[in-house]
Amino acid sequence: MVDYELRRNDPALDEDEMAVREAFAEFFTKECPSSVVRAAEPLGFDSALWARLLEMGVATMSLPAAAGGDGGTMIDLVLVAGEAGRRLAPVPLASHVCATRLLAAASTPQGTRICTIAHAPAVPGVAQLVPDAAIAADVIALTGDELVLYQGEEPAAHVPNQGSTPLAWWQPGANRTTLASGPRAAALHEIACAEWKLLTAAALTGLTDGALALGVEFVKTRETMGVPVGSLQGVAYPLVDTAIEIAAARNLVYRAAWMMQHEPGVRPELPLMAFGAARSAATFGTATVVHAQGGLGFTVEADSSLYFLRAKGWSAITESATDMTRVGAQLVAGLG
Amino acid sequence: MVDYELRRNDPALDEDEMAVREAFAEFFTKECPSSVVRAAEPLGFDSALWARLLEMGVATMSLPAAAGGDGGTMIDLVLVAGEAGRRLAPVPLASHVCATRLLAAASTPQGTRICTIAHAPAVPGVAQLVPDAAIAADVIALTGDELVLYQGEEPAAHVPNQGSTPLAWWQPGANRTTLASGPRAAALHEIACAEWKLLTAAALTGLTDGALALGVEFVKTRETMGVPVGSLQGVAYPLVDTAIEIAAARNLVYRAAWMMQHEPGVRPELPLMAFGAARSAATFGTATVVHAQGGLGFTVEADSSLYFLRAKGWSAITESATDMTRVGAQLVAGLG
Amino acid sequence: MDFGLVELTPAQQAFQREARAFFDEIVTDEVLEEERETGAGFNLDVHLALAARGWLTPEWPVGEGGAGLDPVCCRILHLELVYHQVPRVTAATTRLVWQAAERYLADPRLRAEVKAGVANGTVRMCLGYTDPDGGSDVAGARLKAVRDGDEWVLNGAKTFTTGAQNCQYTFLVTRTDPERPKHRGLTMFLVPLDSPGVEIQAIRTFGGERTNMVYYDGVRVADRYRLGEVNEGWTVLRGPLDEEHGMAARDRLADLSMGQGFLRTLEPAFAAALTWAATPAADGTRPADDPAVLARLGQIATGYEAALGTPGPMGRVKGAETLIAKSAELIDLVGPQAVLQPGAPGLLGDGALDFAHRFAQGTTIYGGTVEVFRNIIAQHVLKLPRPSYPGAKQFLGRPR
Amino acid sequence: MDFGLVELTPAQQAFQREARAFFDEIVTDEVLEEERETGAGFNLDVHLALAARGWLTPEWPVGEGGAGLDPVCCRILHLELVYHQVPRVTAATTRLVWQAAERYLADPRLRAEVKAGVANGTVRMCLGYTDPDGGSDVAGARLKAVRDGDEWVLNGAKTFTTGAQNCQYTFLVTRTDPERPKHRGLTMFLVPLDSPGVEIQAIRTFGGERTNMVYYDGVRVADRYRLGEVNEGWTVLRGPLDEEHGMAARDRLADLSMGQGFLRTLEPAFAAALTWAATPAADGTRPADDPAVLARLGQIATGYEAALGTPGPMGRVKGAETLIAKSAELIDLVGPQAVLQPGAPGLLGDGALDFAHRFAQGTTIYGGTVEVFRNIIAQHVLKLPRPSYPGAKQFLGRPR
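Chains as they are written, first to last, in our numbering: chain A, 1 to 336; chain B, 337 to 672; chain C, 673 to 1072; chain D, 1073 to 1472.
Worth flagging that the hints you see were computed from the coordinates, not collected in a lab. Treat each hint with caution, since some may be false.
EDC-like cross-link-like pairs, simulated, lysine to aspartate or glutamate; straight-line CA separation at most 16 Å [said to hold, decoys possible]:
#1 D:Lys1216 / D:Asp1249
#2 D:Lys1187 / D:Asp1203
#3 D:Lys1455 / A:Asp241
#4 A:Lys30 / A:Asp16
#5 C:Lys787 / C:Asp805
#6 A:Lys220 / C:Asp805
#7 C:Lys816 / C:Asp803
#8 B:Lys556 / D:Asp1205
#9 D:Lys1455 / A:Glu217
#10 D:Lys1187 / D:Glu1174
#11 C:Lys816 / C:Asp889
#12 D:Lys1216 / D:Asp1142
#13 C:Lys816 / C:Asp701
#14 C:Lys816 / C:Glu851
#15 D:Lys1187 / D:Glu1136
#16 C:Lys1055 / B:Glu637
#17 C:Lys1055 / B:Glu353
#18 D:Lys1216 / D:Glu1136
Isolated chain A, as found in the complex (with noise of 0.2 Å):
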């Protein structure tokens, strides 16, 4: 048998946890009805709801007191993402979040505009799709050894795409600052790419979870051959499987999370798996609650349909296509 290690068990949020929880999930559930989701496409950006999510602090909470922040952790982050997600708020949480936790970790002051992270290495004359970098001029890449951040006039052109999000081809400019080099340079691009990965699984696990109640309450009510479509164990299982993968990732990010916060290093593999998770838990989840709904889920008025558009459309704008060997080589030098 294999050996085992003593740990605590415990993903219940505590009282600090949840009332950070209920603040944001009472937030988006307000400001960020699905009009304003419909709203904002097909750029994917409320400038108005971004204000006010910044002045909750939501850039900053996670930075240490000396960084002007509030100490809050990555959990509280991924509780954040989570509410997010749940209201599909088109909002460039992870990208400016982990790229302002990035220039505080390079002790480099962060400035008032919007600041995003290209994923893959930046080499000049090269474009790459960079997440929210339609609406971010600010975008900090790994450039040979070194960690910079390019600062542009102006945001790259949006492109269109299926999750209306601000996807843009970006590629360095000439304003550039050295936030690292060597080593050092390409561990922070790395940290920031997974605390990406985590709070986007976070936030497609609470996508999944907000489609899931669209699905349920339709089925409760919607009745076929004289009973309720929902009482039937082919439509019933499908929603019960989404609600287990959902638990299932959510807890995944918790964990990667308090990895993260507490033993940074100890568990790199966890972030890479909860992206996997929750990526695979909103994909069979929103497809469920769309094919749930019958022909109305695939109707664009459905607000399934939003959800649907989301699950590959927030998931699919990184590369990930090495993720899963990354962490088979971990686990197999692990052995060692």
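Given the coordinates of chain A, work out where chains B, C and D should sit on it, guided by the hints.
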């Protein structure tokens, strides 16, 4: 859009094919009830059954008349293998038939002993697990750039294994006959291994169909909550999905066999695909049937247990970790 | 068993060249762009151009408005229609409804008129099956038809009447006797869509298609438009439903899988992913240099090939669910470029990956949900016991 | 939220060392070999050795036969039992039944006697839930109990009574009133297994376990062995069922997933596959040099980690189904060596891959099928409407 090829699309058996299938269906139904399967455990070989099968010409039926065969086809062979699988026949069908075809292709007269194929390259002093090597002293293997028939004095020692097959650790001995060398050796060996996978895919498909029949019968008669278990979608749908996977795998096996026979080399990825599809149908289908039978399906006295253990037990005895990579590589290569 | 290439006669080869040239000319970029924008599954010029060659009813004799094509040429024509992405939803529903109209229209003059119109493209027909809130339970239709002398008065609504805005008739399921068991109180009509009281309202899907809600407010329809006997609508309806459900026989040239029409959407998406995999990055490496990428492509291709050969209603389920699963896996593999949409620079294969993933979701519903098909397979293939529901003496099956 | 390492006090560290040394000594190769052969989930010497330390009831006070362990030490003990693969099925069913016996045994002397026996290892108890042909519908039990003065006469049979051959009592569901609704005509008994008329017949599973069919032929049991009121058996039964179904609260040290007991079987299998991947072949290459192999290991590990954190009844479903899926994928990946069984040269990790795949199949059934749990989740978590079956006023849920 992708351009098309105008092909017929007809998996229906013609009269001759139907006759082959029916003859062997009848044979295995009569000669190989589950009691025969059980009696042959753990070696997984019934020499009397094998002798009768050889009398029916199974080893040579697909050889050209000049090589002592009946001019049968790969299609005939997959039909036979399918019926053998349906009854879990404890005979070295795939190994011996493919080895016999390989000997004929190398213009070497086949002997009277059971012959099998080592799937990995044979290195003196290095043992590999070889299907049916516990009953076959004749083993064909690729050594360096030569295709070699190794003839031992007696078969290697049987190793206990999940599917009760005549699996053994085997290593090349001194008594060797070179059958071919150079690129031709590798090509012949690759074809033989592909044929082995295809016949095994056929057997696995028949196996899954045999298991499904047991599951369907059970849920028709068993009641719960005052209704037949099989009328519940939660029970019926997985069985339906099993039937779908069987149909999908079967026609892929047929198509692969047809192409191997009539347009060899045109779709080299099909046998690997068929093997993958059949293995996954067998994995899902036998687990579904066992589960549909509840606790009973999990007992060794239930015949479904025999099917379950052979789903992996027959498919895992060849290395296939790189199959899908090879399929992908062939498709990418086809682009150029 | 036969999966061989069809050897074409010189005449068939000539036909293939002719068809390809014809479509190259009439299916312009504007046609494709319009279809992308409207999602109508119909283009009037293209429809009439097809009609002019008899290609809407290609197997009909020339004298009846067809082209007298042999089965091989019919198959070529079908594959060229697919290859050129010809908008053809309304052409297909028209053919489907014609089967019932031919058999059940009692008035020979009307029948001849409709037949001529089907062939020359001026008569187009759509399916009025689903009541709002009705789901897959077609037999539970509630739209009321009440006889008034030689006419019937219709009141109610139908949803998902795709193509109504371009059609002359809808194949309408009505409730003529609410007192009888639900399958015994239905009557079918071929309702002229220009009748006063018909209102068509667009519904857009995220798959890009347009369908419609159609309201019937005191619509009067003459009895000659009735199909089959009063209250015998279920029998009339079952013809096209069975056709849609693929219980009907198919010839050896046809697609094996009922789901192949859906699966075809995966082909350009897969081709786009293959191209992506084979394209070198700035540093010269290709995604295809990574065996893990190749393995995933191999897995996806295997799923596709397995689905392709799955026949009948099984193929319907497998086709739809394979398209859903594999289009999602392709996007996961390819990443950001896969979710770009038309108009974006760097679009792979015309946006085929994005499109396949969206389009896929409707395919588990069209012409009956996958659950309806699973029930059919459970009862008719596996012979499992039929579930009993309080509201159904039967479940889209044969009357007992 | 807390996933932190538990810092042990010196006393707890000492306990951990003591427990490990103890199990290293008593769980000999012979014990493990016997367990593999018998599949009994029980070894008398080990059971009594545990009892001697109070470790069968570790949280009970020392004065009552326990060891007075704190929750951390209880957890350490549990993990050591797992780590050392101590046969413990019968110990677990005994604890489960004791919960009902403690509450419902009316006779204080008998209760005290049973309690002492549970702690000192001489009283062991198993579950007599399932009628042959009964499936998951425990409330449909048909085994008859008829009162005869101060005794009851039992006639019928139960299947899947695991451990009966090593137990003193079985926790038996009987039908005392066939006229009442099915949940209202059940009565529970603690039946001494040495009663005349009890016959135990072994059943082996392909997962390697032994369970039993138990026949009751005119078995007479005194009324003092009755648990709870006559015809109130469902209430008595629900305690342990709810515990098995994980509706009960759990502390923060405990496994989060109800399915973790199953999932643990995947750990040695995964470890064996990792070792395989890292082992160089004759030519020096390792499977792990292939990114496609790494990716598949990564996928499997991700599925495992996701399942680990899935709580309650959801974890029950996810744990079982993850074990089934991932053990199969591991075998597909590793190939021939994965299906070798004990006794074979070149066995990886003691045959953990073969074992996990076989054992997995029972885990969707133990203590209620995954369908029962999906129904519970549908009704109690998602609040979906309850299906109505002719044979059930309720479906393993609360009485209405």
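Tested hints:
Restraint check: the Cα-Cα separation between Lys1216 of chain D and Asp1249 of chain D comes to about 9 Å, which is no more than 16 Å; the hinted pair holds. Restraint check: the Cα-Cα separation between Lys1187 of chain D and Asp1203 of chain D comes to about 28 Å, which exceeds 16 Å; the hinted pair is violated. With a C-alpha separation of about 14 Å, the suggested pairing of Lys1455 of chain D with Asp241 of chain A holds against the 16 Å cut-off. Using a Cα cut-off of 16 Å, the hinted pair Lys30 of chain A and Asp16 of chain A is violated, with the two alpha carbons roughly 21 Å apart.
Distance check on the hinted pair: Lys787 of chain C and Asp805 of chain C sit about 33 Å apart at the alpha-carbon level, beyond 16 Å; violated. A hinted pair counts as satisfied when its Cα atoms are at most 16 Å apart, and Lys220 of chain A with Asp805 of chain C qualifies at roughly 13 Å. Annotation: proposed proximity of Lys816 of chain C to Asp803 of chain C holds, straight-line Cα distance about 11 Å (limit 16 Å). Restraint check for Lys556 of chain B and Asp1205 of chain D: the C-alpha separation of about 13 Å stays at or below 16 Å, so the hint holds.
For the hint pairing Lys1455 of chain D with Glu217 of chain A, the CA-to-CA distance comes to about 10 Å; that is within 16 Å, so the pair holds. Distance check on the hinted pair: Lys1187 of chain D and Glu1174 of chain D sit about 8 Å apart at the alpha-carbon level, within 16 Å; holds. A hinted pair counts as satisfied when its Cα atoms are at most 16 Å apart, and Lys816 of chain C with Asp889 of chain C qualifies at roughly 10 Å. Among the hinted pairs, Lys1216 of chain D with Asp1142 of chain D is inconsistent with the structure: their alpha-carbon atoms are about 43 Å apart, more than 16 Å.
This hinted pair does not check out: Lys816 of chain C and Asp701 of chain C have alpha carbons roughly 44 Å apart, beyond 16 Å. With a C-alpha separation of about 12 Å, the suggested pairing of Lys816 of chain C with Glu851 of chain C holds against the 16 Å cut-off. Taken as a hint, the Lys1187 of chain D and Glu1136 of chain D pair is honoured in the structure, with Cα atoms around 8 Å apart against an allowance of 16 Å. Restraint check: the Cα-Cα separation between Lys1055 of chain C and Glu637 of chain B comes to about 26 Å, which exceeds 16 Å; the hinted pair is violated.
Of the supplied pair hints, the one linking Lys1055 of chain C and Glu353 of chain B is violated, its CA atoms being roughly 27 Å apart against a limit of 16 Å. In summary, the hint linking Lys1216 of chain D to Glu1136 of chain D is not supported, as the alpha carbons are separated by about 36 Å, beyond the 16 Å threshold.
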